Structures are given as C-alpha cells and as structure tokens.
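J.: Residue numbers (the working numbering), protein chains in the order written: chain A, 20 to 341; chain B, 1027 to 1423; chain C, 287 to 544.
If you are wondering where the hints come from, they were derived from the structure by calculation, not from laboratory data. Take the hints with a grain of salt, since some may be wrong.
[As the list claims (entries may be wrong)] Listed below are the simulated BS3-like cross-link pairs for lysine-lysine, each with C-alpha atoms no more than 25 angstroms apart in a straight line:
1. B:LYS1148 - B:LYS1348
2. C:LYS311 - B:LYS1313
3. B:LYS1348 - C:LYS311
4. A:LYS339 - C:LYS542
5. A:LYS314 - C:LYS490
6. B:LYS1154 - B:LYS1313
7. A:LYS308 - C:LYS311
8. A:LYS314 - A:LYS36
9. A:LYS336 - C:LYS490
10. C:LYS490 - B:LYS1080
11. B:LYS1149 - B:LYS1237
12. B:LYS1334 - C:LYS327
13. B:LYS1080 - B:LYS1237
14. C:LYS542 - A:LYS314
15. B:LYS1154 - C:LYS484
16. A:LYS36 - C:LYS542
Note that the coordinates shown come from a computational prediction; the quantities given were computed from them, not determined experimentally.
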Amino acid sequence: MANILCVLEQRGGTLRKGSAELLTAARQLADQGGGTVDALVCAAGDVAGLDTLGAAGADRVLTATHAGFAHYAPEGIVATVHSIAAGYGAVLVSATATGKDLAPRLAAALGAPCGMDVTAVSASGDAIRVVRPVYAGKAIQTLDLSGVAVVAVRPSAYTAVAAGKAGAMEAVTVPAFTQRLNVSGISTPEKATLDVAEARVVVAGGRGLGDPQHFGLLEELAAAFGGEAAVGASRAVVDAGWIEHGAQVGQTGKTVAPDLYFAIGVSGAIQHLAGMRTARTIVAINRDKDAPIFKVADFGIVGDLFEVVPALTAAVKAAKGQ
Amino acid sequence: MAGGSAAYTGVDFYDMDSLLSEEERAVRDTVRSWVDDHLMPVIGDCYIEGRFPKELIPGMAELGLFGANLPEEYGCAGLNNVAYGLIMQELERGDSGIRSFASVQGALVMYPVYAFGSEEQKKYWLPKMAAGEEIGCFGLTEPDFGSNPGGLITTARETADGWVLNGTKMWITNGSQATVSIIWAKTGDIDDAKSIRGFIVPTNLPGFTAKDQKGKLSLRASDTSELHLQDVHVPKDAILPLSGGLKSPLMCLTQARYGIAWGGVGAAMACFDEARSYAANRIMFDKPIAATQIQQERLAEMLTEITKGQLLVLQLGRLKDKGTMTPSQVSLAKRNNINMACECAREARRLLGGNGILIEYHSMRHMANLESVYTYEGTHDMHSLILGQEITGIAAY
Amino acid sequence: MTYFRKRIDMKIAICLRRVPDTTAKIVIGPSGVAIDEAGVKFVPNPYDEYALEAGLALVGAAGAGETVVVGFAGDSVQETLRTALAMGVDRAVHLQGTPTADGLANARVLADHLRDGGYDLILFGKLAVDDYGQQTGVMVAELLGLPCATAISSLSVDGGVATVTREVEGGVENATCALPAVLTCDKGLNTPRLPSLKGIMAAKKKPLDIVPVTVGESRVTVVSLAMPPERAAGRMLGEGAAAVPALITALTTEAKVL
Chain A
20 MANILCVLEQ RGGTLRKGSA ELLTAARQLA DQGGGTVDAL VCAAGDVAGL DTLGAAGADR
80 VLTATHAGFA HYAPEGIVAT VHSIAAGYGA VLVSATATGK DLAPRLAAAL GAPCGMDVTA
140 VSASGDAIRV VRPVYAGKAI QTLDLSGVAV VAVRPSAYTA VAAGKAGAME AVTVPAFTQR
200 LNVSGISTPE KATLDVAEAR VVVAGGRGLG DPQHFGLLEE LAAAFGGEAA VGASRAVVDA
260 GWIEHGAQVG QTGKTVAPDL YFAIGVSGAI QHLAGMRTAR TIVAINRDKD APIFKVADFG
320 IVGDLFEVVP ALTAAVKAAK GQ
Chain B
1027 MAGGSAAYTG VDFYDMDSLL SEEERAVRDT VRSWVDDHLM PVIGDCYIEG RFPKELIPGM
1087 AELGLFGANL PEEYGCAGLN NVAYGLIMQE LERGDSGIRS FASVQGALVM YPVYAFGSEE
1147 QKKYWLPKMA AGEEIGCFGL TEPDFGSNPG GLITTARETA DGWVLNGTKM WITNGSQATV
1207 SIIWAKTGDI DDAKSIRGFI VPTNLPGFTA KDQKGKLSLR ASDTSELHLQ DVHVPKDAIL
1267 PLSGGLKSPL MCLTQARYGI AWGGVGAAMA CFDEARSYAA NRIMFDKPIA ATQIQQERLA
1327 EMLTEITKGQ LLVLQLGRLK DKGTMTPSQV SLAKRNNINM ACECAREARR LLGGNGILIE
1387 YHSMRHMANL ESVYTYEGTH DMHSLILGQE ITGIAAY
Chain C
287 MTYFRKRIDM KIAICLRRVP DTTAKIVIGP SGVAIDEAGV KFVPNPYDEY ALEAGLALVG
347 AAGAGETVVV GFAGDSVQET LRTALAMGVD RAVHLQGTPT ADGLANARVL ADHLRDGGYD
407 LILFGKLAVD DYGQQTGVMV AELLGLPCAT AISSLSVDGG VATVTREVEG GVENATCALP
467 AVLTCDKGLN TPRLPSLKGI MAAKKKPLDI VPVTVGESRV TVVSLAMPPE RAAGRMLGEG
527 AAAVPALITA LTTEAKVL
C-alpha cells in the first residue's frame, strides 16, 4: 500500500488551514511503509502556497484545474481522484465540513472503507488503523480498514512538521463529470466570526449568564484574543434561543479541541463535556463551586462572572500588550 | 440548571418499564420531553410570579393531554388509564399546579360531560375541551362545605325556559380563566343531597363572577378562585341529564384522585432525582455528601417509598382498565402516595441544605405544592376515614 | 402555498437510527469493541429527528404525498420506527439485519432497498451520535447516482429543485440540486415535533413491513473501544476577580497558551 494521496482543500485560491497538518499525517503514514505522499489540489485557477507543500510533506503536488472548481464541486473532485487512484493505498482529507462531505463520496466511488473524523492514522499490517472519538468523545474507537481506505483526519489532531523536501509540481487532467450539486458560493456573516470548531481559543457561555445580552461580556473577552477566539455556548442556552446553534459545543453540537477553552457559567452537563474535554487547557468560571465543570477544568475560579470576566478581559488585553 | 444535574431520566428501581406497554412508555416519554422543553424552563419564574403559564395550553392540547383517556370519537386520545396516569405523573414531575390544571380539565370537567352528558353535549363540548378552546373548572366545594360536599347550599331553580343558579364556590382551580364551569347545585330541598345535579355554565353569563384567591404559599403556578353565582340563568339543556345526587360529583373526584395518586409519584421522583444528583456533586469536608450515612439513609428511604408508590398506582391503573377499581382503592393510593411525596420533598429539601430553599432547585416548590395536594381532593384524614369505614363498616365522620 | 406545491405529490424516505440517549453514561462492554447496553436508554438519533421533521413538513406543505421511515438494524429499531409513525410518518420499513462497522456495506443495503422506491427525497441525519460515522447517507446517494447535500441547516423545495444551506467553517454554503436527491440534516434545520398521544395510538395501526436483508462483507474491523484518558485533576485558583492574576500566570507560564 504505502503511497498516500492527500486531497487538499482550497477556497478562492487559498489553501485551507490544516493542509500542512494533513500532509504531516500522510507523511508519517507513508514513511511507515516507505511510500510517497501526493497532494491533490482541485481549483479553478492558481492556488497560492503550493510551493510550501513539499516542505510540509508532499513528494508531488498534483494540480487539477477546471472552471467547475470555482466552488466546491464534489462530483469533479471524485472523478479526478477516481482517475488517478490506482497505486494509492489510502486517500486522506481534512475532516472539515467539506472534507466530511467529500470523504464518503470518495469511499463510495473507490469501493473503499471510510474512517471519519480520525485523530490518529497508522499502518497496521496490510490495513490502515485509525483512532477516532465516538459517542461524542465519551469513548475512543480503533478501527482497521482493509484495502484502499479513505480517511478524514481531524485538522487539530496533528501538528505540522516540516519535512524539508521540495515537492514536484504536476498537472492532472480533470475527467468529464456531471455536476449534480450546484454550490453557488459561501455567504459569510456580516460580523466575521470565527467558527468555534476552528478557533484556537473558545469562550463558551451557559445558563449562568442569566440573560442573552450578557453574551456581550464573552464577546469582549474573545475580542481580547485578537481574532483567534470564538464564542461558544452550552445546549441549554442554544435551546433557549440565546445564541445561534452554530455556537453550540457538545454532543448535539460541535466537538472542539482548542488550545484554550473558557467555560463561563457553564455547569458542565455530560453532553457538554463530551464536546470539549479534549481542549488542551480548560478554564472554568462559575459561581457554584460544586459545578461539575470544575472536575474537568485545569484551572477554576469560583465567583460572579459579571465581576470575574471583565477583570479577565482587562488582564488578557494587558498580557497581550493591547 | 440545578447544580448541573444531567437530564431527567426518571426513577425506575424495579424495572417498572418492563410492566408497561410500548405505547405507555411512548406516552410517558413524550410528556416527559414536553415537560423538559416547555415547562421546566419557565416554572420557577411562574411560581415566584404567582402565575399560571397559560401560554402552554395550546401545546398541551396539541399533544392531546386533556381528557386523554376519553374516546377518540370526541376528539380525545383514547388512551388506557395507565397511560393517562403516566401523563399525570410526568406533569406533576414538573409542577403540581400544572398537573392540577390537566386533572381539572380532564377528570373534573370533561369526565362529567362524558359520563353524565347528553350525546349533543358530548359532541359539542368534548372536542373543544380536548383542543383547549374551552377551559373548564369544577364548582363543588363551598366556603362552608369542603370535606362534606353533600351539605352544599348552591341552588338551581327551574324556570319556564331553563334554570337560575345562586351560590358561592371556593378553592376552584382554573376558576378565573375558565370559559366554562361544571356547577353542582341542589335542585330540590336544601337538605336533599339526592337533588344535587351538575350544570354546564359558561363563565361569561351575567351574574357569574370569579375572583382569584390571593396570598397562596402553595400551588403558586396555578389559579385558585372563588366563584359567585347570582341569579345566573342557563337554558334547559345546561343540565347534565344523567347526573343525580352526590354520587355524581364523587365519581368525578374518584377520576381526579386516581390521577393525583400518579402525580404524587412524579413529584417524588423529581425530588429524589434532584437529591441524588445534588448529593453526588455537593462536596463538604472534601467528599460528596452522598458519602455520608445520613444522606444515604434519606435516599434509601425515598427510593423505597417511591418504588412502592409506583407499583401501587400501576396495579390500580390495571384494575381501572379492567373496570374493577373501587373508590376506596383510589383513596388508599391517593392517601399513601401524596403523603409519600410530601415526605420525599421535605427530605430532599433538607438534603439540599441552604440551596434547597432557592427556586432554582425544585424540591421546596414541590414540598409547598404538595401541602395543597395533601389537603385537596379528599384530605389525607378523610381518606383515612374512608378506608376505616371500608375496613370496619362503620362511618367515623 | 403556490399552485405548484399543492400539485406535487412528494414521496419521501427518512432513514432512521436508534442510538443511546445523549445523556447516557457510556460503559465499555465485555467484548471490548462495543458498549454495554444494559440500562442504557435508546432514542431516535437526534439528527434523524430533523430529517423526520423536514420530511413531515414538506409532505404537509405539499398537501399530498407519503413519508416512509426506513431502519436497518436489529429488531429493537422497531420501537424507534413506531416513534416516527407516532410523529406522523405514514409507514415504516424495517430492514432486518445487523449493520457492520463498514459504512459502505451498510449503505449498499439501504441503497438496494431505496433504489426502486420512487422517492423524491431520501433524508438522513447528518450523523448518528453513537459511531459518528457521518457517511451512510452520502454513500447511498453515490450508490444511487443521486445528488447529495450534507449537513443542511435550511431547505426549501420548489419546482423539483432543493435549495439548501450548510454550515462550513467561517460561513454558510449555498447550494441547489434537482430532485430526486439525498439530503443529510443538521441541527438548526427545524424544531422536531413530539409525537402526539393520538399519534401514538394511531401508530399501532400503521404498516410496519419487515424485510430481512443480508449485509455484504465488511472491510472494517473494530479493534477496540476504550474510555478516553481521564483529565488530571484541576486546580482552584480562588474566588472572584482577585483570582484573575493567578489565572493569567498559570495560562502564561504553566499552560503556555497565552
């Protein structure tokens, strides 16, 4: 098996965050069997940063250029991968919203098993072994995928390692394909907010906020991190309509693994913990010193959040030299 | 909310679920979800404000909670009595006041129309009541006649074109928001309990007034009212033709008490669930208070009594579905289960320590509510006397 | 409603899974590859409820049509299928068999059944909250050669075209596809209804067809299922705003995340 194909994601000519991490995962997997790593980029025109992919781990960078790739066009990507698939033991994508849409399509087209949302991928004899959280992180499943495998790797699971090679560029032909899903574009919200699943820092609020307008306090704290923080929420406040569901962290919301997670006025229901327990550092602020959230927090402060959060915002700003 | 407890999953130590049919469980789970989603988020505020959450009525009607054990041909769900009991259990897990609302609408208003009404009355009223378009109240108790309803002094005098009603009713749940009432009045001599008949009386008729009874420290999320009827004229067809004597309203009370016995289990389960969760999470002297013998004894006692109460009402429901349930069996269940619920609520509140007096936790609200439930629909003491009479053949009241 | 919608006779299939309640505590069973199901309450997969609601609402708005719920699982799924019937779905099909860990093998079973069903829409939840496989619906679409949009958070159907949005990192992707199509549904699409009590009674009288199926070879082996590593006990830094400096120090020098 050994040779690995990474299907990288680009949007508007810019590679998506996580591309280097995916190549690192692929590199480590390929090196186990002395194989090669190819990176495939499907785009409508030029893509910036392709010359960095060699250093990130790609032996070859395959560019598939087609006007249909101006927006996400899964059928075209699937057709392209299908046309070059011979010789690869595994196809890797990032487990982003797009990657999770693409991976099962690739698997169905290649007749391959599919490992979704994996945090570790390695070779195990002839099989590809993947480790992945299930039951929203309440358990960890290890699977062996036999034959060619399609694997969607969580962007946060690997840290990019520079391999120091230069990747060869090569154009590949996009075969004719029938577009069935017509993506017309991506609307970005007026207030450019970072997705909780992507942010390095998540400031999450729960029922302890008392009132939806108090999310303003959390937005100020997030803003102090200068664009690398997003505001999250517990299910209770999303269900109460205090904040849109995209902010929900937990079993029926998003699973996040930021470097720093603030749980503010969040009691720590089991469904919420399932969605954030893999955060590197968890800080809990709650007026109830017995709140379960303190059991998973690295650092806890008991107190009135209306007093603690503004003080914290000021301190973060000071620490960041703002 | 309360101490970060996980979602409510009920209390089932004896695998009661295996004694329920799939439909019965589905009914229970549906009502439980509804209570979680719609009642629990607002009940604390309603209680503090002393307000019945009437905005929930359309949703309750849509689910089919009103008169759910009456037949489908009248717009009702046609459930068996165990499923009906489970509805009452789940509603009272939320709040006794909300369960009271449903009990009155179903057992005390829709049931008498169903049991004593003409076909025309049933066809006209029951679908509207099931749909929550008509909200009813039950006028039996009077200022001077509580445990002794046979002495009631409200009168109905026949006229050329109908009836004229006069009297005062007290402790009437839903009274001030009801659009229609079932009024029990004497059509004959004031000493003649056999002349008691039921009347369907719209509350907007001239001479009909309702006023809220203020200053309640219990059932604060429920309306309790005083009704005054002064020369209220109703047409001839307002009378429930098959009603006759004190037995008729007592039959209604048996229906309601049956649901109350289930409701008590629900309130007790809510308190136990809160106490168990709190005990596990509350750290005192560096360990959860659940690790102390005194709290374990409390929890063991609560679980034991709840389990007994569950088995009691389930068998009572099966008897009711068979058609063999007797009023004194209902008395035993109401007496036992409400007393049990009162004890559970009090013990849970105590286990919760200082936090237990806050509205954020549920046990004290249940504790205060249950004092009313202990007293209404036949006080605990009256049910003792009913059972005493059943056992000895001697009436001691 | 437009004339067009009234005329359309929508036929919609919703594929349903039965999963442990999201509040359930997970315990690994003695096999070491699956959970211990004893004492675990099972519910319809929450994301499938959005699919159910979408299907019921679309047929309701069309004024004519049929909703069919399909479950591929062991016999216990019948209770879940009846929950869907109680919510208003017209009939249920139980594909009686044992799904494997291989999503593609399972998708083939579903696709084989759905292929000749004449469905305008086939709806799935975006994932099942047990195995988080997130693939069956898409694979069914690929196997049937149908358009597919995943994790949709809004949907309108008009003139034989589905217009959807789906959340992607940093925005909302807008897309359309022609019917028939496969859609997988995300939270935010709608608010699922509860079954009514009348619906629960009516469900008993609705058809639930049992179709035994055999699943093909699985190319996925579950090696193990384990509990995640416990987090080390945290530290309380104090009370109120006075504890903030200690927190900043801890985040800067200890956790090195600031």
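J.: Would you check the hint for LYS336 (chain A) and LYS490 (chain C), treating anything up to 25 angstroms between C-alpha atoms as holding?
T.: violated (62 angstroms)
J.: Hey, LYS1080 (chain B) versus LYS1237 (chain B), does the alpha-carbon distance stay inside 25 angstroms?
T.: OK: LYS1080 (chain B) and LYS1237 (chain B) at ~17 angstroms, within 25 angstroms.
J.: Given the hint that LYS1149 (chain B) pairs with LYS1237 (chain B), does the C-alpha gap stay at or below 25 angstroms?
T.: violated (30 angstroms)
J.: Is it true that the CA of LYS314 (chain A) sits at most 25 angstroms from the CA of LYS490 (chain C)?
T.: violated (46 angstroms)
J.: Verify the proposed pairing of LYS1348 (chain B) with LYS311 (chain C), using a straight-line Cα cut of 25 angstroms.
T.: violated (39 angstroms)
J.: Keeping to a limit of 25 angstroms between CA atoms, is the pair of LYS1154 (chain B) and LYS484 (chain C) held or broken?
T.: Distance of about 16 angstroms is within 25 angstroms: holds.
J.: Is the straight-line distance between the alpha-carbon of LYS36 (chain A) and that of LYS542 (chain C) 25 angstroms or less?
T.: Measuring from Cα to Cα gives roughly 22 angstroms; hence the hint holds.
J.: LYS1154 (chain B) and LYS1313 (chain B): Cα distance at most 25 angstroms?
T.: Since the Cα atoms of LYS1154 (chain B) and LYS1313 (chain B) sit roughly 55 angstroms apart, the hinted pair is violated (cutoff 25 angstroms).
J.: Tell me if the straight-line CA distance from LYS339 (chain A) to LYS542 (chain C) falls inside 25 angstroms.
T.: Holds - the C-alpha atoms of LYS542 (chain C) and LYS339 (chain A) are around 13 angstroms apart, at most 25 angstroms.
J.: Taken at face value, is the distance from the CA of LYS314 (chain A) to the CA of LYS542 (chain C) at most 25 angstroms?
T.: holds (21 angstroms)
J.: Are LYS311 (chain C) and LYS1313 (chain B) close enough, with their CA atoms no more than 25 angstroms apart?
T.: holds (22 angstroms)
J.: Holds or violated: LYS314 (chain A) and LYS36 (chain A), Cα atoms, limit 25 angstroms.
T.: violated (32 angstroms)
Taken one by one, the earlier hints fail for this structure at numbers 3, 5, 6, 8, 9, 10 and 11, listed in ascending order.
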